[in-house]
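Participant: With chain A fixed as given, assemble chain B onto it according to the hints.
Now for the letters of each chain:
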Amino acid sequence: MTRRPKRGRKPPDPSAPAGADRARTGPPDPPEGGPPPSRRAFLWKAWLGLAGLAVIELIWVVVDSLRPRRRDVATADVVVVAGPVDHFAPASVTAFPAGRFYLVRTEEGGFLAVSRACTHLGCTVPWSSEEYRFVCPCHGSAFDLHGDVVNPPAPRALDLFEVRIENHIVKVNTANVRRRRAFDPQQVTWA
Amino acid sequence: MPEARVPESRRADAIGQGPSGLAGRVWRSIVRAPLAPRTDQERKWAMVQNFVLHFRPVRVPVKTLAYTHTLGLGGMSLVLVMVLIGTGVLLMFGYEPAPGRAYDSVQALETVTTFGGFVRGVHHWSANALILIAVLHLLRVFFTSGFHAPRQFNWVIGLGLLACIAASNFTGYLLPWDQRSFWAITITTGMLSYVPLIGGWLQQVARGGPDIGRATLIIFYTLHTTVVPVLILGLAALHFWRIRKARGVVVPRAPGEAHDPQPERVLGLPFLLMREFVVALVLVAGVFTFAALVAAPLGEVANPGMSPNPAKAPWYFMGLQELLLHFHPVFAVLIVPGAAVLLLLAIPYLRYEDDPSGIWFVSNRGRLMARRAAMAALLLTPLLIALDEWVLDASKLLPTLPGFVTVGVLPVTVLTVLAWVTWKRERARPGATRNEMVLAGFVFGGVTFAVLTVVGVWFRVGGMALGWAGW
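Chains A and B, in that order, give the protein sequences.
Counted the way the working numbering counts, the first sequence spans residues 1 to 191.
Counted the way the working numbering counts, the second sequence spans residues 1 to 471.
Hints are supplied without guarantee of correctness; some may be wrong.
Claimed, not checked - A few chain A residues that face chain B, going by a derived Cβ cut-off under 10 Å, partial list only:
| # | residue |
| --- | --- |
| 1 | Leu66 |
| 2 | Ala91 |
| 3 | Thr94 |
| 4 | Pro97 |
| 5 | Tyr132 |
| 6 | Val135 |
| 7 | Gly140 |
Simulated from the structure, these hints should not be mistaken for laboratory data.
Cβ atoms here follow ideal geometry from the backbone N, Cα and C, with glycine treated the same way.
Extracted from the complex, chain A is given alone in its bound form (with noise of 0.2 Å):
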């Protein structure tokens, strides 16, 4: 086989075949109709389907790094004990800082785990007694025992975690937070 032509800058010579530069520039055209791709056409697409890989790898490590940590499950408390079910008075609502929500007992006795984080952006709601409604500080939300919207902005109901009861005891899983549209009997465990 005769050497073509390294790639490079030169400028094309005059006397050379006229097929003889179109290696230096690219990928050559597939050779019309016979015979299989060259060599150096395989190479070329062997090299940008490696590079493509490594794009991929890039991406993929720096999506990766930055993807959310979840939150140090060992270490912290994700089931919360609040504690025994006559420790809450019906149409009560109990702060735990800790675990990040209120456990609230409803009039009826049920219970509910309502997030403490606004669902408009994020602020820390809290329980005024005196108005018997969460009223978010900073844009004037407001939503009543069961979470719900009773004045806007805010887009939905205050989030749930998961309650469990065993034994009379009242556990909070915090692992999983539980977005609702808005307050729904069916949310509410029982003793």
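Facilitator: Using the frame of chain A, we list chain B on its own:
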């Protein structure tokens, strides 16, 4: 004979510049051109030979030197970036990016480190000044039509730089870890959750988890101290290089004056460099004086359990937060700002009838139209805000429709149609060119955003009700 050639007798090694002997030989090996050039020949030679000087042009159009033309805003931005890098590195020696340590380390910087409070003050005020000056620079370029070919893509790079400057300010905002910073970042990253479909994921990535915490601080610190500064330096280099490739900034001319393809040029040294040096000195002196008189704010340590009333985003995002009070979140956070960014990017690529680059406000009529657009926005925006605040109540007027329609699709459509009709009417006037129309539209949008920001920063009190918030 080439101009930069210097007579044999004046060459550094021939004239015996610096000390003689070994020290002199070492000195002349480092500095190849005279440090204090005395003739124009030597000045040109220095501009080419000296590494620092070679970033600046040897010759510049004399008309571009008028201070009222560029106002020195681009150079001021670069000076502030340098000041920020210098003070930022000093702060990094003392700062600890961890929730339990960050606030204490900033306090220690303020009270224990010699001049620590001053350095932090310079950093803080330079960062805020940089946003302001970069925006003013954008306005200057726009109003002198500095975005036409061959400067089209440099406008895009400039917008990228502005985005980086905003990102830099925003990531730095969290670092002191006081109440102000904690809740401002909570609110702004809270806005991300309103992006449809990917909002929740976006917010989690920005925060490094569901809440603002350790991961958030590390992410913000890394972005603030490495990623964004490197991006800014890279883009700024490209920005300045492209100005050189466009043969300098636009040459100013009066309305009706023809474009001069061969403007008269003078030497960059001393005429340009002296001016730049003076601007840099005055700016640095101003920032230092301000920082010495007004300390950078540091409030109570961040308390995730207690939100302040009201909680506000950083001032440069208050226009967005104000928009959020009036429109459905998807429109306030995504659609309206997204459309604004697209329009800004599109400005240099629209088809124009003429090239008014270098003329302030395009033409005399353009100046008039810009003034009218500014007045209209200045009147309409507060009027609409008041109307929405006290008169209109979508949930009462149209109780059956969802908020996405009543405060989203409906008002945005109405406003867009009104804007479109106004545009068509103005365009139908005899002689209004596309340049003048875009100028007026830009002024209208810009003033609207400015009014929203001013209302958000100074006229929103507890519960985001309207009132005087004080300085």
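Participant: For each hint, tell me whether it holds in the structure or not.
Facilitator: Hint check:
no.: 1; hint: Leu66; in the structure: holds, 6 Å
no.: 2; hint: Ala91; in the structure: violated, 23 Å
no.: 3; hint: Thr94; in the structure: violated, 14 Å
no.: 4; hint: Pro97; in the structure: holds, 5 Å
no.: 5; hint: Tyr132; in the structure: violated, 18 Å
no.: 6; hint: Val135; in the structure: holds, 9 Å
no.: 7; hint: Gly140; in the structure: holds, 4 Å
Hint check: violations occur at hints 2, 3 and 5; the rest are consistent with the structure.
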